[in-house]
Amino acid sequence: MPVTVTIPTPLRQFAGAQSEIEVEAKTAGEALDQLTSVHAELRRHLFSDQNALRNFVNVYVNDDDIRHSDGLDTALKEGDQVLIVPSIAGGSVAQLENLSTAESAPADGSQNDVLPMLSNEEIARYSRHLIMPEVGMTGQRKLKAASVLMIGTGGLGAPLGMYLAAAGVGRLGLVDFDVVDASNLQRQIIHGTKDVGRPKIASARDRIQDINPHVEIETHETRLTSENALRLFVNYDVIVDGTDNFPTRYLVNDACVLTGKPNVYGSIFRFEGQASVFWAERGPCYRCLYPEPPPPGLVPSCAEGGVLGVLPGIIGAIQANETIKIILGAPDILVNRLLLFDAWRLRFRELKLRKNPDCPVCGNHPTIKELIDYEEFCGLPQQTEVKPTMEEITATELKKRLDQGDDIQIIDVREPNEYEIGKIPNSKLIPLGQVLNRMNEIDAERETVVHCKMGGRSAKAIDALHRAGFAGKLMNLQGGITAWSNDVDPSVPKY
Amino acid sequence: MIAISQPDLEMICRHGERDYPFECCGLMLGRFEAAGRKVVSETYPISNAREEEAKRNRFLIRPEELLRGEKYAREKGLDVVGFYHSHPDDRAVPSQYDLEHAWPTYSYIVVAIEKGHAADLRSLEMEPDRSQFNEEEVAS
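Order-wise, the sequence lines are chains A and B. Residue 61 in this note's numbering sits at position 61 of the first sequence; the count goes up by one each step and never skips. Residue 114 in this note's numbering sits at position 114 of the second sequence; the count goes up by one each step and never skips.
The hints are simulated quantities; they were obtained by calculation from the structure and are not laboratory data. Quick caveat, the model's predicted, so the values are computed rather than measured. Built from N, CA and C at the ideal position, the CB exists for glycine as well. Please note: incorrect hints may appear among the correct ones.
[Unchecked claim] Derived DSBU-like pairs (lysine-lysine); straight-line CA-CA distance at most 30 Å:
id, chain 1, residue 1, chain 2, residue 2
1, A, LYS423, A, LYS352
2, A, LYS494, A, LYS399
3, B, LYS115, A, LYS26
4, A, LYS428, A, LYS399
5, A, LYS460, A, LYS428
6, A, LYS494, A, LYS428
7, B, LYS115, A, LYS369
8, A, LYS494, A, LYS194
9, B, LYS115, A, LYS325
10, A, LYS494, A, LYS400
11, A, LYS355, A, LYS400
12, A, LYS77, B, LYS71
13, A, LYS369, A, LYS352
14, A, LYS369, A, LYS355
15, A, LYS355, B, LYS115
[To be verified] For the chain B half of the interface with chain A, some residues (derived, Cβ under 10 Å), not all of them:
id, residue
16, ARG62
17, LEU66
18, GLU137
[As the list claims (entries may be wrong)] Examples of chain A residues lying across from chain B (beta carbon under 10 Å, computed):
id, residue
19, THR9
20, ASP33
21, SER37
22, GLU41
23, ASN58
24, ASP65
25, PHE233
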C-alpha cells in the first residue's frame, strides 16, 4: 500500500533531492527496501555491511519509534508516514578501554546499543574467543567496531594482518607501495610465490579477505609521508608500525603523538627483535627512548644485514597480541616496557621505559607540533645535495674492459657467506670491516673496482680507503653484484 | 565550508567548558547554500542523554530531541545543518566512533576542552562514501 517516506536533509542528495518519496510497502522494512532499491546510495547510510539497520538510525511510523512496535516488521497502512531520524552520537578517541561501560544499553531500551552486533556466522567463527570471559561477546564486538592501520605489509605486517583479520578486527587499513619480490617470500608469509611482481597491498588484501571476509579492508598504495600521515591516522583507532627504516619510524611516532593514537612498535634485524607500545597518553613515545636517530649507515637494513625468516613472525605476532589487547581494554599492555628478543639464543628480556619530560614531541614543553622532514632529520642525503664525487663504473663497462684485457683488480667487500652465494670472477674478498687493516693487500699500482651487493658498502669502503690515504685509483661498481647479474651474467644468483 | 559567527562559536566553547568533564552536544541551525556551504544562524544546546559515567567520552542526541530541534528550526524557516560536541581533555580530532555515527552533508564541530578550558576547535564533514572525515573551513 502507498506510504510516504520522509528523507532527512543530509540524505536527500542520495534520493534525487526529494524530501518525500512514495513507496508501496506492507511493513516499515519493506518501505526501506523499496526506497533503497530505487536509491541504492542511501543504503550504506541506513544499513551496515551486515545488512542490519545502523544502530544510530531510527525509524518512526507516524509518531512512533518502530522499536516500540515490531521493528522492521511494523505493519503499515495506507497513507502512513515513515520518518528516518538519526540519533546523533559521537565521542572522543582517548578512552578505548571505557567502551564496555559506555556501550551498555540504556535502561529504557530506546537507544542504541552502539557496538555492532555479530551474525550467527560470525558467532560460529569467533567461538574460541567468545567462550573466554576476557574477550566474550562484548570484546568480540569491540574488535568488530575497531579499526587498525598497518604501516607496511612486509615481514611484520604479514603475521599482523593475518592474525588481526582472523581475530575479527572490523576495519584494517594497509599502507604500502612496494611490490612482492622473490627475496620477500622467506619471511613475508602473507604473500605467495604466485604474487611475485604484484603490489604488496593487492596480494595482502587477497590473503586477508580469504582469511576473513567480514573484515573491511582499506588499501592505501602510497608511501607514508608528512603530508598524508595525519589525514590517514585520524581515521583509525590503533596504528601498527611494521616499517624497516628510521625516517618512517619517527614519522609514525610523531604522527601518533599528534593524533593521540597508540603506536604498536616492532623492529627486527638478523636474529634480534624489539617490541613496545608507544602511547604518549600513558607512557613514553619512541623519541623518549631514542631522541635521535643513529647516524646514517650505522644500522644496516635487513636487506644488507639479513634477517631470520621466522623472527618477524614472532615479533609481528606480539604486535598483533598487543593491538588486540588495546582494543579489548586489557590490563598490562606493553606500555612503559621494551621487549627484547634474541631468536638465536632464544631469550626474552624486558627493559623498563620512562617518559622523558623533555621529549620534544610528547614532553611537557613540546617543540615539535607538526610533522617535519624525516629524511632530513635522519641525516639522509637530500636529492638536491651534491654528493662528493666518487669514480664509478657500470657492470657492462667493467665487463667490456675486462674482455679487452685491461688490468683491473676487483675487491669484494661483502661478507664471506655472501661471497659463497655468488661472485664476480677473479675478485678478492675483503669484508668491509677488514678493509683498512688489509689495505696493503690492495695493489695501489693497479686500477681497482670495489663492489658489494648493491653499491652502498663499497662506497663506504672507498671513502674509508681515501681517508686512510690509499693512493691508488678506486672505482665503485654501480649497483654492485646485483647489477652484474642483471646486465652481464644472469647465472650469478641474486639474493 | 561552514560559516558561523564569533558569538555562536563562543557559545559552543562556553557550553563545552560548562559541561566539563562531560561531553556537551548541540545542534547548529541555519541554511544549506550552494556548493556545500552551510551558514549557521543559531546554536541549540541539547543535554547529553548518555548515562553519567559514559558522558566523559560519549554524547548522544536522542531522535526525539533532534525532532524537537528540527521542528523548532522549521518554524523559523531554518534547517539543522550540523552538530557540535566537545572532547574533554582530548584533541579536537574525530574518533572512529564519531565516523561510524555520522551522516554526510552535516557539519560536525568538535571542540577540545583542556582542563576545563576550550582549546582547539574544528569542523568536519564526512565523505559521502563513509570512508573518512574531511576537515572543513570554519569562517566567522
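Hey, LYS355/A versus LYS400/A, does the alpha-carbon distance stay inside 30 Å? Roughly 59 Å between the alpha carbons, so the hint for LYS355/A and LYS400/A is violated.
Please work out if LYS460/A and LYS428/A have their alpha carbons no farther apart than 30 Å. holds, 17 Å
Go through the hint on SER37/A and say holds or violated, using the shortest Cβ distance to chain B against 10 Å. Violated. Min distance 19 Å.
Run the distance test for LYS423/A versus LYS352/A: straight-line Cα separation, threshold 30 Å. violated, 45 Å
Decide if the proposed pair is consistent with the structure: LYS369/A and LYS355/A, CA atoms, cutoff 30 Å inclusive. holds, 18 Å
Should the interface hint for ASP33/A be scored as holding, given a Cβ-Cβ cut-off of 10 Å against chain B? Violated, because the Cβ-Cβ distance from ASP33/A to chain B comes to roughly 20 Å (cut-off 10 Å).
Take the C-alpha atoms of LYS77/A and LYS71/B, compute the straight-line distance between them, and say whether it is at most 30 Å. holds, 25 Å
Does GLU41/A hold up as a contact with chain B if the rule is Cβ-Cβ below 10 Å? This hint holds: GLU41/A lies near chain B, its Cβ roughly 8 Å from the closest one there, short of 10 Å.
For the pair supplied as a hint, LYS115/B and LYS26/A, is the alpha-carbon distance within the 30 Å limit? violated, 53 Å
Would the pair LYS494/A and LYS399/A pass a check requiring their Cα atoms to be no farther apart than 30 Å? holds, 18 Å
Take the C-alpha atoms of LYS494/A and LYS400/A, compute the straight-line distance between them, and say whether it is at most 30 Å. Holds. LYS494/A to LYS400/A sits at ~21 Å (cutoff 30 Å).
Given hint PHE233/A near chain B, where the shortest CB pair must fall under 10 Å: Result: holds, 9 Å to nearest chain B Cβ.
The structure fails hints 1, 3, 11, 18, 20, 21 (numbered hints given earlier, in ascending order).
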